[in-house]
Amino acid sequence: MGNMLKDRVAIITGAGSGLGRAHAIAMADQGARVVVNDIGTSFDGKGTSRNPADLVAAMINKSGGTAVANYDTVATESGAKKIIRSAVDSFGRLDILVNNAGIVLGNVVYEIPADDWDAMIKTHLYGTFYCTRDAAVIMKEQGYGRIINTSSHNGMGQASLATYAAAKEGITGFSRSVARDMGKYGVTCNVIRPIAAWRGARVKIREFEALQPEDVSVLVVYLASEMAEHINGCVFEVYNGHIGIFEEPPPVKQVLWRDGHWTPEELARIIPETLTRGKSREDFPNVLPFELNTEPPKK
Numbered sequence: 001m002g003n004m005l006k007d008r009v010a011i012i013t014g015a016g017s018g019l020g021r022a023h024a025i026a027m028a029d030q031g032a033r034v035v036v037n038d039i040g041t042s043f044d045g046k047g048t049s050r051n052p053a054d055l056v057a058a059m060i061n062k063s064g065g066t067a068v069a070n071y072d073t074v075a076t077e078s079g080a081k082k083i084i085r086s087a088v089d090s091f092g093r094l095d096i097l098v099n100n101a102g103i104v105l106g107n108v109v110y111e112i113p114a115d116d117w118d119a120m121i122k123t124h125l126y127g128t129f130y131c132t133r134d135a136a137v138i139m140k141e142q143g144y145g146r147i148i149n150t151s152s153h154n155g156m157g158q159a160s161l162a163t164y165a166a167a168k169e170g171i172t173g174f175s176r177s178v179a180r181d182m183g184k185y186g187v188t189c190n191v192i193r194p195i196a197a198w199r200g201a202r203v204k205i206r207e208f209e210a211l212q213p214e215d216v217s218v219l220v221v222y223l224a225s226e227m228a229e230h231i232n233g234c235v236f237e238v239y240n241g242h243i244g245i246f247e248e249p250p251p252v253k254q255v256l257w258r259d260g261h262w263t264p265e266e267l268a269r270i271i272p273e274t275l276t277r278g279k280s281r282e283d284f285p286n287v288l289p290f291e292l293n294t295e296p297p298k299k
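Using our numbering, the first residue of the sequence shown is number 1, and each one after it goes up by one.
Be aware that a few hints might be false.
[Claimed, not checked] Within a straight-line C-alpha distance of at most 27 Å, the following computed DSSO-like cross-link-like pairs (lysine-lysine) qualify:
| # | residue 1 | residue 2 |
| --- | --- | --- |
| 1 | LYS122 | LYS81 |
| 2 | LYS140 | LYS122 |
| 3 | LYS122 | LYS46 |
Source of the hints: derived by calculation from the structure; they are not laboratory data.
Given the structure is predicted, the values throughout are model-derived calculations rather than measurements.
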């Protein structure tokens, strides 16, 4: 157990499994009080169940953390309001929002049903917008907040994932604008492009077995902490010990590698000295002084 997020209140949407589950557990381990949001749907948006959110919240509480479950959907304005309100009703404030909820519906562009397009945009893009907008009101009044939104490398274009790409790159642009709106109020908004094993891909892409969600969560914990107050409007890629930062929009500037796993405390020391050196939450340079490095450091 750490204390990087001690007494902070966090909402993680889609926290019943995969990345969201890992984020919720990692934040609770660092002292945050957590709202575990999940409607319990399948990866393609079918069905609902309270069990996933209940199980994660129970696991956190049994381990000595503090968590409550929430079952509202991010895809409607009223559902998002209930999610945000649950943090205030349960814990009196809201410091951290991780927009993670999502579904995956793939098809080649000439065979995409309009209903699939609507479902993807509503869950990913509208869901991120609804939750961020309502959280921003609270965070602005507090003079403090951390918003972490989830995009994807597939947002840059992938066969049979046009709906997913549209939603995810929409989140990236939206987040950069939010960062500019909110930085002066002590609120940061950043984006992660994670690569990790997930319930839909695990069976199909066996080589992803080594890409565990927990490797992504350490960066999320750091970005959610007070120590990341200078980082705003940034887009990170993260997977399996690899962390990189994107320019607006060209490629990764610098990559951090290590054998094994990072801890959020290590990232709090290393990232300000490397990837985000000289940045503040209101600083948006066109070029950062980092060269692309795709090789692990020599021992």
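Checked hints:
| no. | hint | verdict |
| --- | --- | --- |
| 1 | LYS122 - LYS81 | holds, 15 Å |
| 2 | LYS140 - LYS122 | holds, 25 Å |
| 3 | LYS122 - LYS46 | holds, 15 Å |
Taken one by one, the earlier hints all hold for this structure without exception.
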